[in-house]
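Residue numbers (our numbering), protein chains in the order written: chain A, 1 to 225; chain B, 1001 to 1227; chain C, 2001 to 2381.
These aren't lab readings, by the way, just hints derived from the structure by calculation.
Yeah, the Cβ is synthetic: ideal placement off N, Cα and C, and Gly gets one too.
Don't take each hint at face value.
Cβ pair distances, simulated, as ranges [claimed, not checked]: (1) C:A2165 / B:M1197: 32 to 40 Å; (2) C:G2238 / A:G125: 31 to 39 Å; (3) A:L205 / B:L1201: 48 to 56 Å.
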Amino acid sequence: MSYFSIAWQWLTSAQQWHGGDGIPVRLAQHLQFTGIALGIAVIIALPAGLAMGHLRRGGFAVVTLANFGRALPTLGLLVLIFVLTPGSPASWLVPLAFLAIPPILVNTYEGVLGVDADLTDAARGMGMTEWQILRKVEIPVAMPLILLGLRISAIQVVATATIAAYIGLGGLGRYIIDGLARDEYNVVAGGAAVIVLLALAIQGLFTLLRWLIVPVGLRRQAQTS
Amino acid sequence: MSWAWANRALLAQYTGSHLYLALMPILFGIIVAVPVGVLCVRFRWTWPPILSLTSIFYAMPSLALYLVLIDYTGLTDWTVIIPLTLFSLSVLIPNVVDGLRSVPQPVRQAATAMGFGTLRQIVQVELPLAVPIIIAGLRVATVSSISLVSVGQLIGIGGLGYFFTDGVQRDFPTEIYAALILIVILAFLADGLLVLMRRWLTPWERARGTRRALSATLRGSRAEGAT
Amino acid sequence: MITFESVTKHYPGGTVAVDALDLEIPDGQTMVLVGPSGCGKTTTLRMINRLIEPSEGRILLDGRDISQTEASELRRGIGYVIQQTGLFPHRTIVDNIATVPLLKGWPKAKARDRARELMDLVGLDPAMARRYPYQLSGGQQQRVGVARALAADPPVLLMDEPFSAVDPIVRATLQDELIRLQAELHKTVVLVTHDVEEAIKVGDQVAVFYPHGKIAQIDTPQHLLGAPADDYVENFLGFDRGIRRLAFFPAAGLDLQTGIVLSDGSTVEQGRRAAKQAGESWVLATEAGRLPRGWAALADLESRDGHETLAQVPLAPYGHTFRVGQDSLRAALDATVLSRTGLAVGVDDQGRVVGVTSYERLRAAIQAAEEAADGQGARPS
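Taking the hints into account, I'd like the entire structure generated from these sequences.
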């Protein structure tokens, strides 16, 4: 039987939708973890990116952090924290949030940095304070890239949270880890399908968000993203 | 550290398989990405659909893809290599396109006016000038790939990721540290090599230096981190 | 010969860039297309090497319809120079110049040798050969652009605002270089510019465009300045075209006054007599080698002892000179206006005094030149 039929069968069987191990529950858990980690990352990375971009500083640090974040294996980090702090309820949160920071930081930084210097010059010349420039000129113009960073980060967290099931976290990853452990391929297949759908949904959500928030003139510019 | 030394043969073996699993996708990726990228620039209407496709690949958690593929490839190296190739494509194709588009218009116009045929112009003029941005993309893809391979350990094919699961099972953080550090070192080495390669390939960029290199790197990191 | 037969270019949306253009560009001359922004001059230029294809009409090169030749092949036989140079950043200067020969299949060594020849031709230091474009100044880059266009020795050279991106001093130098090159090579050059001064300076023929794709007048610069076809052309040429036209008349046409040119060893008495005889109020004193020294005022001479020499008399500076053999009536007029005596000194190539001109003599020369003018575009000096 092909993957798709296996997955489809599992997804559509009624028991998947009830009980503590049902899809709705796992999905809710997953979204919860994702939300918290993403929230923390946003609180840290967004202001930092805005500040660094506006002041045009720290580019080297940003790039290095991005490289480092990319190079760091997520499974390794999760496993390490788990082994070092067994029994700690929030051991999953640190790696999840940490890995979610670079995309937001880099893209926000680059977005603000990329705002045409002539624009900010003119704004300054008109008498806008630095705050106003950030709010009224830089953020709007940088929005496509800021949204891109958020999207990438969200997807990153969803994926990392999936893997975190290996160290005991709930959520959709449980299907995969438990399924693999018990050699139940249909659970694994179904779980993978749900995760893929979730990722697509997030992708779609951000596309919608972008369409709503970013004015047409800017959208054309950031075509390659 | 002494553990690492004592087990160096084992580490070396897994390092070898790790690099194989990480770099094959990059190789396949660049071989496919360059022609596809050229196509997208030459025939503009192909770009939006291909971009959407690569966005989707990019968003897919790699673990999920590994699992989907088990049914078709069994539990072999290909189960990991294929999804990682798709991921690297999702980084490299937009980079090739971006790089080609970054070639200044006067240069392209002059080349056409001198009598370059389309293909020749792309190969001799545009691609060489697109190299900095393409390499920036290669760096992102390579570093990510080296990192992502370890996730495959959850289905048993993860190169150095072996030490992660082993370390949990044996409650032995040392080997986790070792593998972690080793992976990061490999990633930075690969990155460094690519930077050297870029410098070697673009002697005309020398005086421009840091500013442009930085922006090329940032542009390359458009497609950022995934798992 | 390049011929445009009723060529039109229109774009979707209704813009007509070029409107039923008929144009003949003769071989071996510089034809300048000049006009305001959007008048179609650049479009016209680009249709010659098929970067733009006409909507209607056809273009002939030496009698053959260019749309019948494969585009790349056509372009390898036409040089193209643009404002932003479009030099390949990733190739050295010598390889940039060698591009078309290499495209045509020349062996590398031969192409590079040819490139070095051209570097010499356009006045580039051979030490620049292995450098990259970014290491050169704007003026040097543009020279490379011209060298590159000439590398395969094409009969036709197209130039699209080639000197607009450099500062005025460099621009003037490059224009002079172009004139010099043309005198040597006699290519068919088609040059587009929005600067009417440039058109007049470098062009053998100038085509003035109306704002919307039609030509107002095609003529030699001299005729253009002398007889603009309508108010539009007259306005386009600018307000002092009469004086600018004088640049086309050689100063050699002047009948110079020599009677008041005396060496500084002459006596005051001799000076007085010379001045009165000529009916002028000044006398020019020269020093050894017949070099100009200064003006002696008649009023001054009258109050002095006749036996004194001119060298002992206070002399006014002789002012700006003009070269009789090389300069134009415009230069002579300018020298005369600048001179505090109303008289200008004409010298030869070594700076020795040939004679003196006045407003009267200038007027006479101008009249004679206008009458003699018959359409052979003289080079402005």
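Against the structure shown, which of the earlier numbered hints fail to hold, in ascending order? The structure conflicts with hint 3 only, although it agrees with all the remaining ones.
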